[in-house]
Amino acid sequence: VFNLRPAAIIEKLRLRNIHYSDTAVYGHFNSCLFPWEDVDRYNELKAAVEKYVDREYV
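The sequence shown finishes on residue 58 if you use our numbering, and the numbering steps up by one all the way, no holes.
Any given hint might turn out to be false.
[Stated by the list, open to error] Cross-link-like lysine to aspartate or glutamate pairs, in silico, EDC-like; alpha carbons within 20 Å at most:
{"#": "1", "residue 1": "12", "residue 2": "38"}
{"#": "2", "residue 1": "46", "residue 2": "56"}
{"#": "3", "residue 1": "12", "residue 2": "44"}
{"#": "4", "residue 1": "12", "residue 2": "37"}
{"#": "5", "residue 1": "12", "residue 2": "40"}
Hints were generated in silico from the structure; no laboratory data involved.
Predicted model only: the values in this text are computed from it and were never measured.
Given only the sequences and the hints, what does the whole structure look like? Please build it.
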């Protein structure tokens, strides 16, 4: 489901463009400012998991 190569992770999460000082001031949980808080691929991940796990647990 996800490309887990280091370069792909850096690109997807835009880690070269993050202003890390903002996380120290405002925190990073539940913030739309940071790409690692996006849940844009939730349905895709859920569908992949459902192939291998009993739906009762998903």
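We went through each hint and held it up to the structure:
1. This hinted pair checks out: residue 12 and residue 38 have alpha carbons roughly 11 Å apart, not beyond 20 Å.
2. Restraint check: the Cα-Cα separation between residue 46 and residue 56 comes to about 13 Å, which is no more than 20 Å; the hinted pair holds.
3. Between residue 12 and residue 44 the CA atoms are separated by roughly 16 Å; this keeps the pair inside 20 Å, and the hint holds.
4. Proposed proximity of residue 12 and residue 37 is supported: the alpha carbons are some 12 Å apart, at most 20 Å.
5. Between residue 12 and residue 40 the CA atoms are separated by roughly 12 Å; this keeps the pair inside 20 Å, and the hint holds.
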